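Just so you know, the protein sequences line up as chains B and R, in that order. For the first sequence, the residue numbers in the working numbering are 1 to 114. For the second sequence, the residue numbers in the working numbering are 115 to 228.
Please keep in mind that the hints were generated in silico from the structure rather than gathered at the bench. Note that this is a predicted model, so its numbers are computed, not measured. Don't take every hint at face value.
To be verified - One-sided and incomplete, this derived list gives chain B residues near chain R with beta-carbon spacing under 10 Å:
| hint | residue |
| --- | --- |
| 1 | D26 |
| 2 | Y31 |
| 3 | Y35 |
| 4 | M41 |
| 5 | A92 |
| 6 | S94 |
| 7 | Q103 |
| 8 | G108 |
| 9 | L111 |
To be verified - Using 20 Å as the maximum straight-line C-alpha spacing, the simulated EDC-like pairs for lysine to aspartate or glutamate come out as follows:
| hint | chain 1 | residue 1 | chain 2 | residue 2 |
| --- | --- | --- | --- | --- |
| 10 | R | K220 | B | D38 |
| 11 | B | K57 | B | D73 |
| 12 | B | K9 | R | E158 |
| 13 | R | K152 | R | E124 |
| 14 | B | K9 | B | D26 |
| 15 | R | K220 | R | E158 |
| 16 | R | K117 | R | E210 |
| 17 | B | K57 | R | E158 |
| 18 | B | K44 | R | E210 |
| 19 | R | K220 | B | D107 |
| 20 | B | K44 | R | E140 |
| 21 | B | K44 | B | E59 |
| 22 | R | K117 | B | D38 |
| 23 | B | K9 | B | D38 |
| 24 | R | K117 | B | E59 |
| 25 | R | K152 | B | D38 |
| 26 | R | K220 | B | E59 |
| 27 | R | K152 | B | D107 |
| 28 | R | K117 | R | E140 |
| 29 | B | K44 | R | D200 |
| 30 | R | K184 | R | E170 |
| 31 | B | K9 | B | E72 |
All C-beta atoms in this analysis are idealised placements derived from N, C-alpha and C, irrespective of residue type, glycine included.
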Amino acid sequence: NAGVTQTPKFRILKIGQSMTLQCAQDMNHNYMYWYRQDPGMGLKLIYYSVGAGITDKGEVPNGYNVSRSTTEDFPLRLELAAPSQTSVYFCASSYNGGSNQPQHFGDGTRLSIL
Amino acid sequence: AQKVTQAQTEISVVEKEDVTLDCVYETRDTTYYLFWYKQPPSGELVFLIRRNSFDEQNEISGRYSWNFQKSTSSFNFTITASQVVDSAVYFCALSEAGYSTLTFGKGTMLLVSP
Numbered sequence: 001n002a003g004v005t006q007t008p009k010f011r012i013l014k015i016g017q018s019m020t021l022q023c024a025q026d027m028n029h030n031y032m033y034w035y036r037q038d039p040g041m042g043l044k045l046i047y048y049s050v051g052a053g054i055t056d057k058g059e060v061p062n063g064y065n066v067s068r069s070t071t072e073d074f075p076l077r078l079e080l081a082a083p084s085q086t087s088v089y090f091c092a093s094s095y096n097g098g099s100n101q102p103q104h105f106g107d108g109t110r111l112s113i114l
Numbered sequence: 115a116q117k118v119t120q121a122q123t124e125i126s127v128v129e130k131e132d133v134t135l136d137c138v139y140e141t142r143d144t145t146y147y148l149f150w151y152k153q154p155p156s157g158e159l160v161f162l163i164r165r166n167s168f169d170e171q172n173e174i175s176g177r178y179s180w181n182f183q184k185s186t187s188s189f190n191f192t193i194t195a196s197q198v199v200d201s202a203v204y205f206c207a208l209s210e211a212g213y214s215t216l217t218f219g220k221g222t223m224l225l226v227s228p
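Let the hints inform the model, and build the full structure from the sequences given.
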């Protein structure tokens, strides 16, 4: 029962470096999401996808890019890491994306930009 | 625009006390869904409950209960006879009909001491 798998769990980047946060789900869910969680601020939506080949911006998309080439994978890319992107990143998925569907979350990636 | 407010930033109780976590929401839709998630110290997000806007019945699951009141736009969560394992950050979230994305509150950190 893997569910939603995020890699890596921890990462330290230098300012200006780039990296890709990986997210994979094995539940055949159509909808996938990326959130960031800052201390005391709850979760904010970065990007989401309603299916392979379709992505859309969330509340805080600047500085990030996503792609969805398969149903299973939804990577998040940081092109030029900035200290403001230090955060915990969560990937989530839901079956059909209906507003009544609970989202299932990965364990998160803790990212520090120094 | 939708909004979720969890006014209690942190609550500390002693084991076996009852505790209520408040959640107030704003939405213009008549059809919407409310969720509670738990984030224990290990960091993962665990889905607890979903409630739709047409079902105002209170729900009880073991020591957990939820009180949904449309008249006050509130969806409060009560833990009866709290235990140390209940220590976590609890998030309330809202999804409007036709939208797959969630709007989260900032969370309430519950500390249960022995």
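### Restraint status (C-alpha distance of R/K220 to B/E59 at most 20 Å)
Given pair R/K220, B/E59 holds - Cα atoms ~15 Å apart, limit 20 Å.
### Task
Measure nothing beyond the straight line between the CA atoms of B/K9 and B/D26; if it is 20 Å or shorter, mark the hint as holding.
holds, 18 Å
### Query
Holds or violated: is the Cβ of B/A92 closer than 10 Å to a Cβ in chain R?
holds, 8 Å
### Query
Taking the least C-beta to C-beta distance, is B/G108 closer than 10 Å to chain R?
holds, 5 Å
### Query
Does R/D200 lie within 20 Å of B/K44 when you go C-alpha to C-alpha?
At roughly 24 Å apart (the allowed maximum being 20 Å), R/D200 and B/K44 break the hint.
### Query
Given the hinted pair R/K152 and R/E124, is their alpha-carbon gap at most 20 Å?
At roughly 14 Å apart (the allowed maximum being 20 Å), R/E124 and R/K152 satisfy the hint.
### Message
Please check whether B/S94 passes as an interface residue: C-beta within 10 Å of a C-beta belonging to chain R.
### Response
holds, 7 Å
### Message
For B/K44 and B/E59, compute the direct alpha-carbon distance and say whether it is at most 20 Å.
### Response
Distance of about 6 Å is within 20 Å: holds.
### Message
With the threshold set at 20 Å, check whether the alpha-carbon distance from B/K57 to B/D73 stays at or below it.
### Response
holds, 17 Å
### Query
Is the hint on B/Y31 kept, meaning its closest Cβ partner in chain R is under 10 Å away?
holds, 5 Å
### Task
Given the hint that B/K9 pairs with B/D38, test it: the Cα-Cα distance must not exceed 20 Å.
holds, 16 Å
### Query
Are R/K220 and R/E158 close enough, with their CA atoms no more than 20 Å apart?
holds, 16 Å
Checked against the numbered hints above, the structure violates hints 1, 9, 17 and 29; every other hint is satisfied.
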